[in-house]
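J.: Chain by chain, the residues run as shown.
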Amino acid sequence: DGGITQSPKYLFRKEGQNVTLSCEQNLNHDAMYWYRQDPGQGLRLIYYSQIVNDFQKGDIAEGYSVSREKKESFPLTVTSAQKNPTAFYLCASTWRVANTEAFFGQGTRLTVV
Amino acid sequence: AQKVTQAQTEISVVEKEDVTLDCVYETRDTTYYLFWYKQPPSGELVFLIRRNSFDEQNEISGRYSWNFQKSTSSFNFTITASQVVDSAVYFCALKDSGAGSYQLTFGKGTKLSVIP
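Each protein sequence line maps, in turn, to chains A and B.
Quick note on this note's numbering: the first sequence kicks off at 1 and runs consecutively.
Quick note on this note's numbering: the second sequence kicks off at 1 and runs consecutively.
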């Protein structure tokens, strides 16, 4: 079945550590997105990528980094520079045309311990 | 810049009541696309409906209907005869090409609780 797979579902990070969240899709979508969700804040865009080897910062990119070496994969690294990383992270993908909906993964809940 | 506002933070209704979720958006583009998504407790967002900016015809799909009014930049979503399974957070979203690429912007969501 086609879809988006995020892993792990739960992730614990010690302060000062970098962690990488995985996002893989087999929908052959061009564009991929990372969102952060905090209670009462909705979904805020961290990074997005329209094609391989290209990506743009979203509204809250500081403290995060991404790569897009393959069409299917868009990993997100939460660096030690991100001061408040505890949140729910959602990955999405869509066709690179405007009128198509995005498909979402099941999310990764990151907690700093 | 794109912006989506969902003024209702939480709504509670009794089962079988109708409920309307409000959405107001801002964009400089003349062509854009609006979406509603549902987020159940499991966390994954599920696509519900889509509307193009050049098509203001309002439609009904089962228990769902939507009212798109370009003049007021609103895209409201109605659930008829609500059910307990409708309890979730609902997000309105806007996609346009203002930055030369398609950025998908979400509102803060409305939490709907349907009480049996």
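Please note that the accuracy of each hint is not assured.
[To be verified] Using 30 Å as the maximum straight-line C-alpha spacing, the simulated BS3-like pairs for lysine-lysine come out as follows:
# : chain 1 : residue 1 : chain 2 : residue 2
1 : B       : Lys16     : A       : Lys83
2 : B       : Lys3      : A       : Lys57
3 : A       : Lys83     : B       : Lys70
4 : B       : Lys108    : B       : Lys38
No lab work stands behind these hints, which were simulated from the structure alone.
J.: Hint by hint, where does the structure go against what was stated? Just the numbers, ascending.
T.: Hints 1 and 3 not satisfied by this model.
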